[in-house]
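Asks: Sequence:
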Amino acid sequence: MSLFWRIFLLNAAVLTAATALLLLGPVTVSTPVLLTEALILTAGLAVMLIANAVLLRLGLSPLQRLTRTMATIDLLRPGPRPVPAGHGEIADLIKTFNSMLGRLEAERATSSARALSAQEAERRRIAQELHDEIGQTLTAVLLELKRVADQAPASLRTELHQVQETTRDSLDEIRRIARRLRPGVLEELGLVSALKALTNEIPTHSGLTARQQLETPLPDLGAEAELVLYRVAQESLTNTVRHAHATHLDLTLSRTPTGVELRIRDDGRGLQGALEGAGIRGMRERALLIGADLTLGPSPGGGTEVRLNVPVRDGSD
1 MSLFWRIFLL NAAVLTAATA LLLLGPVTVS TPVLLTEALI LTAGLAVMLI
51 ANAVLLRLGL SPLQRLTRTM ATIDLLRPGP RPVPAGHGEI ADLIKTFNSM
101 LGRLEAERAT SSARALSAQE AERRRIAQEL HDEIGQTLTA VLLELKRVAD
151 QAPASLRTEL HQVQETTRDS LDEIRRIARR LRPGVLEELG LVSALKALTN
201 EIPTHSGLTA RQQLETPLPD LGAEAELVLY RVAQESLTNT VRHAHATHLD
251 LTLSRTPTGV ELRIRDDGRG LQGALEGAGI RGMRERALLI GADLTLGPSP
301 GGGTEVRLNV PVRDGSD
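Counting in full-length UniProt numbering, the sequence shown runs from 1 upward without gaps.
One or more hints might be untrue.
[Claimed, not checked] Straight-line distance between alpha carbons at most 20 Å, and here's what the computed SDA-like set of lysine to any residue pairs gives:
1) Lys146 x Leu160
2) Lys196 x Pro217
3) Lys146 x Arg157
4) Lys146 x Glu129
5) Lys196 x Arg176
[As the list claims (entries may be wrong)] Label-pair ranges, simulated between beta-carbon atoms:
6) Gly301 x Leu55: 50 to 58 Å
7) Asp172 x Thr295: 33 to 41 Å
8) Leu104 x Ile40: 51 to 59 Å
9) Thr295 x Lys196: 23 to 31 Å
10) Gly291 x Leu10: 45 to 53 Å
What the hints contain is simulated information worked out from the structure, not anything from laboratory work.
Using N, Cα and C, we set each Cβ at its ideal position, and we do this for glycine too.
From just these sequences and the hints, can you work out the full model?
Replies: In structure tokens form, the structure reads like this:
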């Protein structure tokens with residue numbers, strides 16, 4: 001039972017008992033009780049109960065709003081804080097909740113930043129090892145296969161060439177994985193070139209055609225914001241290729257009055273009420289780290305649309 005009903009029923013019980021004693025007890029307005037007096041007392045009781053209910057509802061409504069906020073709050077989707085309304089302990093409770101929520105968001109942002117930083121460092125380490133260790137080993141294998149194929153009999157030369165092609169394909173795949181783990185093109189050539197390379201790497205067998213509309217020049221966003229834009233685009237394209245069953249995708253990067261907007265639309269089957277997985281939650285965490293606004297929803301032409309609005313730092317242009 002809610003606090004409202006407990007207080008209301010307690011007050012109602014007291015008032016009802018008082019009215020019953022007045023009607024049935026030895027001290028009454030008149031003996032026996034007149035119908036007019038009973039009606040007046042009953043009407044007075046009803047008025048008191050209604051007034052009591054209204055006052056309690058008004059007094060406890062801030063607690064109800066706070067309860068709804070606590071039940072729906074999501075640290076990955078910051079929303080407006082409840083206004084400290086009411087008097088005394090109720091207003092203090094709402095202020096304390098807002099303070100606690102601020103600390104939780106700050107702690108989550110700090111821990112997410114550390115986790116994502118460690119993740120990027122691990123990606124760079126793995127990419128470096130793939131390039132330096134496995135890549136060089138496969139390159140040596142290719143050279144040795146070529147030497148053996150040149151000296152092998154004609155009957156074996158065709159099979160050795162097939163092994164060479166398989167090894168070369170494996171080397172290309174390892175290099176592609178290394179580029180996705182550590183986007184060197186982002187560091188060397190910038191965000192626009194990195195996004196172009198990302199769309200150009202969409203597998204041809206996926207049947208997905210990607211179109212790019214990348215506005216230049218862009219304001220100075222900083223290395224961290226550019227990495228977030230790249231990772232969000234990368235995750236969106238990966239989800240489209242794996243799950244959307246789409247045939248067309250539009251990737252747009254444009255300036256806005258407050259910063260830069262990345263928009264990715266596809267014509268696939270859409271979200272269909274599916275729960276957000278680790279990839280989307282990772283996108284939200286990255287967006288929060290740079291104060292960006294990430295929205296996912298249905299595309300106007302069907303499919304899914306991802307929007308990331310990144311604000312420009314003060315003094316940047």
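Asks: Against this structure, judge whether each hint is valid.
Replies: Structure-based check of all given hints:
Between Lys146 and Leu160, the direct Cα distance comes to roughly 8 Å. Compliance with the 20 Å bound is thereby established for this hinted pair. Taken as a hint, the Lys196 and Pro217 pair is honoured in the structure, with Cα atoms around 15 Å apart against an allowance of 20 Å. A distance of roughly 10 Å separates the Cα atoms of Lys146 and Arg157; the hinted pair therefore holds under the 20 Å criterion. At roughly 25 Å between alpha-carbon atoms, Lys146 and Glu129 are farther apart than 20 Å, so this suggested pair is violated.
Distance hint between Lys196 and Arg176 is fulfilled; the C-alpha atoms sit about 14 Å from each other, no more than 20 Å. Remark: the range hint 50 to 58 Å for Gly301 to Leu55 is upheld by a beta-carbon distance near 53 Å. Our hint of 33 to 41 Å for Asp172 and Thr295 holds, since their Cβ atoms are close to 36 Å apart. For the hinted restraint 51 to 59 Å between Leu104 and Ile40, the CB-CB distance of approximately 56 Å keeps it satisfied.
Range check, Thr295 to Lys196: about 24 Å between beta-carbon atoms, so the 23 to 31 Å window is met. Take Gly291 and Leu10: their Cβ atoms lie about 48 Å apart, and the range 45 to 53 Å holds.
In this structure, the one hint that does not hold is number 4.
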